[in-house]
Each structure stands twice: as structure tokens, then as C-alpha cells.
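2 protein chains.
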Amino acid sequence: MPHYQAPLRDQMFVMHEVLNVGAVYADIPKYAGLDADTLNQVVDAAGKFCGEVLFPLNRSGDEQGCHFDAATNTVRTPKGFRTAWEEYCAGGWPALGADPEFGGQGLPLLVQNALYEMLYSTNQAWAMYPGLTTGAYECLHAHGTPAQKNDYLPKLVSGEWMGTMCLTEAHCGTDLGLIRTRAEPQEDGSYRLTGNKIFISSGEHDMTTNIVHLVLAKLPGAPAGTKGISLFLVPKFLLDSEAQTGERNRVLCTGIEHKMGIHANSTCQISLDGATGYLVSEPNKGLNAMFVMMNGARLGVGMQGLGLNEVAYQNAAIYARERLQGRSLKGVVAADKPADPIIVHPDVRRMLLTARAYAEGGRMMGYWVALELDKSLTHPDPVVRKESGEMVALMTPIVKAFMTDNGFQSASLAMQVYGGHGYIRESGVEQYVRDARINMIYEGTNAIQALDLLGRKVLRDNGAVLRRFGEQVAAFVDEHDTDPAMKEFISPLVDLGDKVTKLSMEIGMKAFGNPDEVGAAAVDYLRVLGHLVYAYFWARAARVALDHAADNDPFYQAKLATARFYFARLLPETAFHITAARSGVDVLTSMDAALF
Amino acid sequence: MPHYQAPLRDQMFVMHEVLNVGAVYADIPKYAGLDADTLNQVVDAAGKFCGEVLFPLNRSGDEQGCHFDAATNTVRTPKGFRTAWEEYCAGGWPALGADPEFGGQGLPLLVQNALYEMLYSTNQAWAMYPGLTTGAYECLHAHGTPAQKNDYLPKLVSGEWMGTMCLTEAHCGTDLGLIRTRAEPQEDGSYRLTGNKIFISSGEHDMTTNIVHLVLAKLPGAPAGTKGISLFLVPKFLLDSEAQTGERNRVLCTGIEHKMGIHANSTCQISLDGATGYLVSEPNKGLNAMFVMMNGARLGVGMQGLGLNEVAYQNAAIYARERLQGRSLKGVVAADKPADPIIVHPDVRRMLLTARAYAEGGRMMGYWVALELDKSLTHPDPVVRKESGEMVALMTPIVKAFMTDNGFQSASLAMQVYGGHGYIRESGVEQYVRDARINMIYEGTNAIQALDLLGRKVLRDNGAVLRRFGEQVAAFVDEHDTDPAMKEFISPLVDLGDKVTKLSMEIGMKAFGNPDEVGAAAVDYLRVLGHLVYAYFWARAARVALDHAADNDPFYQAKLATARFYFARLLPETAFHITAARSGVDVLTSMDAALF
Numbered sequence: 001m002p003h004y005q006a007p008l009r010d011q012m013f014v015m016h017e018v019l020n021v022g023a024v025y026a027d028i029p030k031y032a033g034l035d036a037d038t039l040n041q042v043v044d045a046a047g048k049f050c051g052e053v054l055f056p057l058n059r060s061g062d063e064q065g066c067h068f069d070a071a072t073n074t075v076r077t078p079k080g081f082r083t084a085w086e087e088y089c090a091g092g093w094p095a096l097g098a099d100p101e102f103g104g105q106g107l108p109l110l111v112q113n114a115l116y117e118m119l120y121s122t123n124q125a126w127a128m129y130p131g132l133t134t135g136a137y138e139c140l141h142a143h144g145t146p147a148q149k150n151d152y153l154p155k156l157v158s159g160e161w162m163g164t165m166c167l168t169e170a171h172c173g174t175d176l177g178l179i180r181t182r183a184e185p186q187e188d189g190s191y192r193l194t195g196n197k198i199f200i201s202s203g204e205h206d207m208t209t210n211i212v213h214l215v216l217a218k219l220p221g222a223p224a225g226t227k228g229i230s231l232f233l234v235p236k237f238l239l240d241s242e243a244q245t246g247e248r249n250r251v252l253c254t255g256i257e258h259k260m261g262i263h264a265n266s267t268c269q270i271s272l273d274g275a276t277g278y279l280v281s282e283p284n285k286g287l288n289a290m291f292v293m294m295n296g297a298r299l300g301v302g303m304q305g306l307g308l309n310e311v312a313y314q315n316a317a318i319y320a321r322e323r324l325q326g327r328s329l330k331g332v333v334a335a336d337k338p339a340d341p342i343i344v345h346p347d348v349r350r351m352l353l354t355a356r357a358y359a360e361g362g363r364m365m366g367y368w369v370a371l372e373l374d375k376s377l378t379h380p381d382p383v384v385r386k387e388s389g390e391m392v393a394l395m396t397p398i399v400k401a402f403m404t405d406n407g408f409q410s411a412s413l414a415m416q417v418y419g420g421h422g423y424i425r426e427s428g429v430e431q432y433v434r435d436a437r438i439n440m441i442y443e444g445t446n447a448i449q450a451l452d453l454l455g456r457k458v459l460r461d462n463g464a465v466l467r468r469f470g471e472q473v474a475a476f477v478d479e480h481d482t483d484p485a486m487k488e489f490i491s492p493l494v495d496l497g498d499k500v501t502k503l504s505m506e507i508g509m510k511a512f513g514n515p516d517e518v519g520a521a522a523v524d525y526l527r528v529l530g531h532l533v534y535a536y537f538w539a540r541a542a543r544v545a546l547d548h549a550a551d552n553d554p555f556y557q558a559k560l561a562t563a564r565f566y567f568a569r570l571l572p573e574t575a576f577h578i579t580a581a582r583s584g585v586d587v588l589t590s591m592d593a594a595l596f
Numbered sequence: 001m002p003h004y005q006a007p008l009r010d011q012m013f014v015m016h017e018v019l020n021v022g023a024v025y026a027d028i029p030k031y032a033g034l035d036a037d038t039l040n041q042v043v044d045a046a047g048k049f050c051g052e053v054l055f056p057l058n059r060s061g062d063e064q065g066c067h068f069d070a071a072t073n074t075v076r077t078p079k080g081f082r083t084a085w086e087e088y089c090a091g092g093w094p095a096l097g098a099d100p101e102f103g104g105q106g107l108p109l110l111v112q113n114a115l116y117e118m119l120y121s122t123n124q125a126w127a128m129y130p131g132l133t134t135g136a137y138e139c140l141h142a143h144g145t146p147a148q149k150n151d152y153l154p155k156l157v158s159g160e161w162m163g164t165m166c167l168t169e170a171h172c173g174t175d176l177g178l179i180r181t182r183a184e185p186q187e188d189g190s191y192r193l194t195g196n197k198i199f200i201s202s203g204e205h206d207m208t209t210n211i212v213h214l215v216l217a218k219l220p221g222a223p224a225g226t227k228g229i230s231l232f233l234v235p236k237f238l239l240d241s242e243a244q245t246g247e248r249n250r251v252l253c254t255g256i257e258h259k260m261g262i263h264a265n266s267t268c269q270i271s272l273d274g275a276t277g278y279l280v281s282e283p284n285k286g287l288n289a290m291f292v293m294m295n296g297a298r299l300g301v302g303m304q305g306l307g308l309n310e311v312a313y314q315n316a317a318i319y320a321r322e323r324l325q326g327r328s329l330k331g332v333v334a335a336d337k338p339a340d341p342i343i344v345h346p347d348v349r350r351m352l353l354t355a356r357a358y359a360e361g362g363r364m365m366g367y368w369v370a371l372e373l374d375k376s377l378t379h380p381d382p383v384v385r386k387e388s389g390e391m392v393a394l395m396t397p398i399v400k401a402f403m404t405d406n407g408f409q410s411a412s413l414a415m416q417v418y419g420g421h422g423y424i425r426e427s428g429v430e431q432y433v434r435d436a437r438i439n440m441i442y443e444g445t446n447a448i449q450a451l452d453l454l455g456r457k458v459l460r461d462n463g464a465v466l467r468r469f470g471e472q473v474a475a476f477v478d479e480h481d482t483d484p485a486m487k488e489f490i491s492p493l494v495d496l497g498d499k500v501t502k503l504s505m506e507i508g509m510k511a512f513g514n515p516d517e518v519g520a521a522a523v524d525y526l527r528v529l530g531h532l533v534y535a536y537f538w539a540r541a542a543r544v545a546l547d548h549a550a551d552n553d554p555f556y557q558a559k560l561a562t563a564r565f566y567f568a569r570l571l572p573e574t575a576f577h578i579t580a581a582r583s584g585v586d587v588l589t590s591m592d593a594a595l596f
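Chains as they are written, first to last, in UniProt numbering: chain A, 1 to 596; chain B, 1 to 596.
What the hints contain is simulated information worked out from the structure, not anything from laboratory work.
Keep in mind that the hints are not guaranteed to be accurate.
If several chains are the same, the list does not tell them apart, and a pair holds so long as it fits within one copy or across any two.
Said to hold, decoys possible - Cross-link-like lysine-lysine pairs, in silico, DSS-like; alpha carbons within 30 Å at most:
1. 337 - 285
2. 499 - 330
3. 487 - 502
4. 499 - 487
5. 330 - 285
6. 330 - 227
7. 337 - 510
8. 510 - 227
9. 510 - 487
10. 227 - 386
11. 510 - 330
12. 227 - 337
13. 502 - 330
14. 502 - 386
15. 79 - 48
16. 30 - 149
17. 285 - 227
18. 30 - 386
Take these sequences, add in the hints, and give me the full structure.
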């Protein structure tokens, strides 16, 4: 039986001891009244809900999957999913970070992020339903008309309805400029949408009475490519004059995909057959509006990586402590048992510590970016808002790609700890591997994230925002580099920072001559930058742990040991990725395409 | 629809242009009459069989899986599997490398290896049935009594019967010293076996009339641990006085596992309820005898890694050439199309070339080790036999672990090339990822392989056999290091060779003080050694390609480009793994087990 225990102690460590959220929120009137106890209680309660309600449905959901009924164009979700949703709504969880004006609780997005980490640990396929809904809420909240907001947001916040994002078509996922769905203006100001979408997560289900689709489509005569895309709100059921669920709209699920994982989330083919839709934001500005949703979704997918990383680690650690096989090479450890627990073997510990260091590193980064997001939206100082927004934009592709790569790697290592038993469905760990694999693909493949990072976020402003992150690192270094106990963390951090500066400049120079140099280096570059962020946070975590060395508290002992492991065994992969990133485009492009 | 084309041109390149098998076989009387045309024709015919008969059953087999009937303790394999087996036998394929004394064709194991690469590319789950049978044949051929050989080998060689290896029990996989299955001697010289085995691949099925289980069990009063294990032949049906299938033996399948992949291979729980068995080899020497089978199986699993690597690459390459999405960063490439094929993007090429370089590198290594195996068994010079046998022993864990790690990585990269479409079962590529994952686990996890390599194969003889491989590399270097065109390959090869020498000595020294240093370094060490072997063969491949530079032959152009890619973008990961391997055990063991 898989196990899950919400990592509350570590979440509190990250919020209060690493990020010092109290000091940050003290400067933000909206959150100034929030004390640490309140934050901790909310996170604790969220963890209990996830562990008690969602986790038991994870494997059964995977086994049952979703079922499509072609006669009625409906999708049946696995047993218990709808009830869990009702409990979730009754607990007010959909409202956690939402605007009080529309029924939200107005808590920081950091808290919502902590909730999502645990939702994804315990049931990624289920959590994608509220995940998409939160995205739809954010998009409409930012770009909807006042009437749209009044009609739809309260229902999304209460959880009475859910949302989706309908972007992909069969011939285009990454390249949205190619979409063919058309929107014809009607006399009443609405639009008639015609086209076919695929890969629509949570696109049809039996969990709510209505579903609010946000759909990309082209207006008549729209410019070609991404500059001719508009965004439409297309409800499954049109609203009646009381803004309640009315007539069925002509937006139909025509099939669901059979996938490697996330079986319990419906991945729908959606047919728009003259469906009624309403323009959101301005004509041809749809992609900009949708990017609100996509950026949130990308951070969310990063948390999916973290969530599966954490739960896979927890299960592998328990297995390694309990499974008896062989003896330590140093001699018998558990003399009273027929064999030693496999955790005596250094390589088992290497695998466990890899997953652990990536989970805890991801938590520091993911929560920090959520805190920056809170600042970008609510801080009274416009300069802080702007700079935090830029930092979030820089970090979003790293959160998405680095944390999902690490999540998949960690899930796979957790399976390896189990040996053959991990390959059997019963253990539960193979589901984490299958589920974690999609996170590297959807919401923009990790290569797309890398292009976004290097091309748009670093090179376009000549590294200005990256330098600002570097200054934050430098301030920490200056404060602690005279402490001999910190040398083992500070030295490699400084060294990597220098290398990142040189690498960024070198690629930037080469990109002048050939823009493909960006594409050739981007994936390795992102991995290097991800490590720079993790190294910074692991150094900060080590600082806190060292400050508590006298406490004899196992939590800080484990933190320090994990930090040391991170610097000794994970950070060094940057040497490889820097070499690879520097190797240039010619070695990739010299072979004729026909010869592949 | 997935695609497969047997890589005949590259197989011929490896056999004749890299390994020069003609010259090797000329010295071996058994194979002296074999000319290149014959070898090529056999490999070509094997590839056609695999592509035409087995490949179409791969996805249907995955979808259907195996079905267990508890009432009759039988397993039904997917539709078409039995018929394919009959065709396989009619073609004489089970007999390919087998001893003519028992009906075999007596071809080199290199050819059998090429066959197995293609079996595994086209249908790993199906190919595991003959794979285990070949292993059982080899074990009985080496250790069976004359009567056992006469009774069983011809049936295994013809394919009328199949074989299995029954090692694992629920509480022990890696640590076979813990097995509990007992064997009681009977008055007629047979034994009665009682116990339960799990994870028995091909353990029960409907493909043949009899199944020959090779079972590890303990005799009464046997020493504890691995020195008290004996090997028994336990047929599903006992033989009658005519050595034909007679009475049903009390060895029953009691269930099959539901797994992440290889659905079409039955992974059986086997109950021995007083089953009749016959001792193979000497009492308490069972593990030695079984190691014949396990070493063969480990090489075979390496070929599974290669097989899936190859087919995943082929499909991703086709997809990347055909899928239109976005435009090259350098500007429009396919102006007549709505978008450029994604192969224009450098990162797509990076993924493809990674899979390609690992496939072609694995083919060179895998075929070379098979050639060494042929020499070890058939060369007239006993010194050559001995030294080749030692080389095979050194390389076996690398073939198993490095090639399966690379196979999984390549399958996952192939999926990434497909984007969301790769996550959908229909594409076929997600099956390669699921199937490839088991190869890193079974026949000894890859960490066990690494311990075997570093502890038993390198440190135990103070690196003597590894040095012999180093001499082979040095001879090649000496021959070519004055050629400026070879410098880009020779320099990193020499550099890595020096580093391996130092690394081996350093770990050896540390292991004197603490044997856990071996476990701490082993997995990274294996990866470094794998690259040393690949770098050597890629340098040799580049040499051949350079010699043909004037031919204007696309094959050699692609070979040279892939070699350059390998040296520029894959080999550099050794920098990371050397650092990790040198980082020592303390960083892994300092944390108390209870804190994980």
C-alpha cells in the first residue's frame, strides 16, 4: 500500500526559516494580518484532506480510468472522484487563493501552491480538475469583462463549476499560430465557434454541473499566425437570464485519449459545432490573455513535478528501511534479522538522497516563486511588483522544466529502489513514473521552456533580471563567506555563478551570428540555471541548519546531510551541461535531415 | 502506426568494417567456412521475420496482455503469439546458435545476438519467451547430465518446448542466499521440490506443449546462504519412457503480475507443491551453474536495451521529419508548407542524435562482446579462449546496465520528440518507455551490475583485465594519433583512459579502508567505463567513415556526424560521473537511516 505523509515540517521550514514569509507579508497590507500559525494550520489542514480523501483514490483512479460514452458525449470519472470534489468544495479549498470579491478567501498564492503540491503528491489526475479551474479563474479574473466575472467567477471559486483551456488541435500543439478553429461574430455580440480541439485535460466529466471552456480561435480575416488568435469563453451549458445553467451549448466531447498515465483525468477531443462563445479580452489578443493561464499552469506543472517527486521519495524511503536483502559490505548490520535493510547500501542511499534533495530543493524554489508571485500582485510598491513579476517570468520555465525533469528522474529512482516490486502495479510507484512523464511534455515541452528561458527571459534583456537574481545570491554570499562552516556551500555556489555569467554571454554572442545557437544550448542551459537556483537555496538551508547545530534536532541534521549530498553528488552535473551547452550548433545540424 | 526497419546496413558495418569478423572467424575452425554473404543473409532474413511477423503483434500484445485462468492454472498469451512462435520454429530460428549435436545450426553467437537485437526491437515481450529458452538451453548444455541433454536439448533447440529460470522468491530477489524452496531427495534419484517462486518470466503460457523450469532450491542440511543452493530441472510435464510429454508435474502457476510494461510476457507466481525435479550440476553448486544462464541473460537484457533504443529512435526520426510545427529560428525552411518539420530545431536533433549515438554505440559494443563470447567458446588457442572469457566477464555488467540505462533514456527522449502525441498509447512510443524500464531492474538491478563490475571484475584482479582492454585502446591510439583528422576523437579517448586508470586506483585504495566506498562509487564508475568503451568504438567507427570520405556515401557521412555528436555532447557527462564517483561514501552514509 502506498504511503503519504504531508511534509508539514519541511513546508514550515521553507516558509518561515528559508523564505521568512512573515517579514515579506508584513509589508503587504492584504496579508499583513496573517501570522505563521494561521499559515501552518491551513497547510496542515490541506495536507490532511489530501492524505485522507485524495490519496486513497489515486490507485483506484489509475486502474479504473475515465470512461467515454459516445451516445451521450459524456465522460464518467472514477469512483469516488465526484464525492471527493464535493468534500473539497465543502472545505472551501477551491476558494483558497481567490479574490474575496468573488467569494474567495484571499490567502496568498504561496499557500495555494503548498496545497497544490500536496494535491499533486496524492492524486495528480484528480488535482488536474481543480488545477485547470484555477487557471480559468485566473484568466477570467485578469481579462474577463465585469459581466463575465460576475457570472462565472463565483461559480468557479465555489467549485460549483469547473474550467478548461482549449488550445491544441491535432496538427498543432506547440505552434498555436496554426490553429483552424473559427469564430464568427453574431448579431447579439456572441460568436459561433467551429473547430476541433484535442488533448483537453478535464475537458468533459461528471464532477460539476457546468464546465467553462476557454477556447482559442480565429476571427474572420484575422492575421496569420499567433497575432491572429482570439480567446473565447465557451460554457458547456449556456447561462439563462438568471445566470444559471441553461441550454446545452454545441461544445461536445467526441472521445478521450488512452494514455501512459494520468488515467483518471479525462483528456478530451472537443468538437465545437457552432458553439456559442464570448470574446475574452480584445480581438487577436487571445494568446496574451491565455498566457496568464499558461504561466500559472506552468508553475502548476512544476508543482506536479515536485508532488510526485515527494511521494515517490517517501515510499522508496520506507521500502528501503523495511526491505531485507543481503548484507552491508562492511559486515552484518541487523544481526537479529535474516538480512540487512537495503538502506545500508550506499547506492540505495544515493538514489534516495537524490530524490530527497530534488524534492526539498524544488519546494524551496517553488514556494519562493509563489512568494514572488504574491509580491508581484499585491505589494504596495510598484517597483517591487514589477521586479517580482519579472523574477517570476524568469523563473517560470525553470520551475516547469527543471522540477518536472527532476520529478520524473526521482520517480524512476524510487522505482529502482523497489527493484522488481516497483515494476508491479501493486506497489504504486510505477504509477508515479507514468504520471510524472507527462509533466515534461504538456504546457509547453521542456525544450520550449528552455527556449523561453534562454531566448526570451535571459538574452532579450541582456540578462538584466538574471543579474538581479545574481545580486540576491551575491548578497547572501557576502554575508556568509567568512564563515568557514559555510565554505563547502559558498565556494561551489560562487563558482557556478561565475560560470553562468560567462556561459550566458558566450551563447548571447554566438546567437548574434546564428539564432539556432540558442536552440542548441537551451536545454542544457536551463539545467545549469536550475542548479544555480537550487544551490543558492540549499546553501541557505544549510545556513539555517548550521545555526541550529547545537539543537541536536534530527530535522536539521537531515537537512545538513542532504545539503552536503546535493553539493557533492548532484550539483557537479553542471560541469557536463556547461560543456554540452558550449559545444555549439554545428554538431547538431551538420547531418542532413534525410539521413536521420 | 509504429515503424521498424531492420538496421542491416549498420549491422554489416559493425560486423565487417568495425569488428572485422571475417578475420576473427578465419582463425576458428568451427566458423572458418562462414563468409560475409552468409552472415549478412542470415541477419537480413532474421530482420525480415522480426519486422513482418513480430512487430505487428507488439502493440496488440501490449493491449491484450496475458490472461491467467485460476481454475486451470493456465495462462493465455495474446492473439497471434503462438502462431508467430510456430513460424519462428519453422524458420529454424531457435536453433540458430545451438549445438549441431542437438539439432542446432551452430552459427556464431554474434549472429544470434543480431537476431535478438531485432527480436527485442520488434517485440520484447514475445522475445522473452525464446530468450529464456536460449538461457535454459545454455545452462543445460553446460551443466546437464548426458541423459538430461539428450532428453531436453533437442526439444529446446527445435522450439517444441520452452524454458524458464526460477530464482526469485517474494522475500528475496537480489539476495538468493535467502531462498526457502526445498528439495528432498527421493529413492529413484529425483527430488521433490516445495516452495513458491515469483517474477518467473514466461513461467506459464500456451505457446508450447511443455516448459522446462530451472529451479534454485536448497537440499536438506545445505549450508546457509548462497553456498547452499542447488539447481534442479523441473519440467511442467514429466517425460514418459519415450522421453515424450507425460504426466503433469506439480509445478503450477498460481497467478501473474500486472506490470508497467512487457504486458504480453507472463510474469508468473510458481508454486512447487512436491514437484519432481532432477539435479543439474553438483549439490550446492547451483548458483555457479545458474550463472551460465544469468550471464547470458544479462547480455541478452543489454540487447533488449539496444533493441528498444533502436526502434524508439527510428520512430522519433520519422516523426521529426514529418511533423510540421513552427518555423526554424533561422527563418522559413519549408516555404511550401504551413510550418517546418520539427527536425529543423537543434534540440530535436540533440534528442534524436542522443538516441542514435547510443543505439549505434550499443550495437558496436554488444556485437563485439558477442564476438568475444564466440572466441571464448570456440577459439583453438586456450589463451585466447581464457582471455576472451575474461573480457566478456568484465564487459557483461556494462552491456547490461549501460545499454539498458541508455535504452530507457533514448525511449524517453523519443517520446519527448513526439510531444503530447508520444504520451498517447496509439503512437506506440510510450510502450517502448514502459517496456524499457524493466531492463534496468531484472537480471540484477543496474546497481548490482555496477557492484559486480567495480568490486568483482575490476578491483578483485587489480584491474588486470581492464588494463588489457586499455592495451587494445592504446594500440588503436598509437596507430592513428598522428592523423590530424582523428585528433578530435583520439584526444578525448586518451584523456578518458587516463582518468579511468586514476579513478580505478583511487577507489581501490579507498576500498581498503572502507568496502562501502565501492558501493558509493560503483554506479557512476560503470557509466564512466561504459563511455570509455563507446568512445573507443565511436573512434573506430569515425576512422572507417573518414577512410570513406571520398565515397560521398550518406551512410559514412551520417556515421561521422554521429561520432562527432557523441564526442561533443554525450561523452562529456563523464566529467560529472567522475566527480560523483570520487566524492566518497561519507556524504551518503552520514545521515541516520531513521531520518530518511
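Hints versus structure:
1. 337 - 285: between (67 Å within a copy, 25 Å between copies)
2. 499 - 330: Only across copies: residue 499 and residue 330 sit 27 Å apart there, 40 Å inside one copy, limit 30 Å.
3. 487 - 502: both (22 Å within a copy, 27 Å between copies)
4. 499 - 487: Answer is both: 18 Å inside a copy and 27 Å across each meet the 30 Å cutoff.
5. 330 - 285: between (66 Å within a copy, 26 Å between copies)
6. 330 - 227: Classified as between; 20 Å across copies, 66 Å inside a copy.
7. 337 - 510: For residue 337 and residue 510, the Cα distance is within 30 Å only across copies (29 Å; inside one copy 61 Å).
8. 510 - 227: Classified as within; 29 Å inside a copy, 63 Å across copies.
9. 510 - 487: Between copies only: 25 Å across chains, 34 Å inside a chain, cut-off 30 Å.
10. 227 - 386: Intra 25 Å, inter 70 Å, cutoff 30 Å: intra-copy only.
11. 510 - 330: Between copies only: 13 Å across, 52 Å inside.
12. 227 - 337: Classified as between: cross-chain Cα gap 19 Å, same-chain 68 Å, threshold 30 Å.
13. 502 - 330: For residue 502 and residue 330, only the inter-copy Cα distance (24 Å) is at most 30 Å; the intra-copy one is 45 Å.
14. 502 - 386: within (27 Å within a copy, 52 Å between copies)
15. 79 - 48: Within one copy only: 21 Å inside a chain, 47 Å across chains, cut-off 30 Å.
16. 30 - 149: within (21 Å within a copy, 83 Å between copies)
17. 285 - 227: Classified as within: same-chain Cα gap 7 Å, cross-chain 74 Å, threshold 30 Å.
18. 30 - 386: Classified as within; 18 Å inside a copy, 78 Å across copies.
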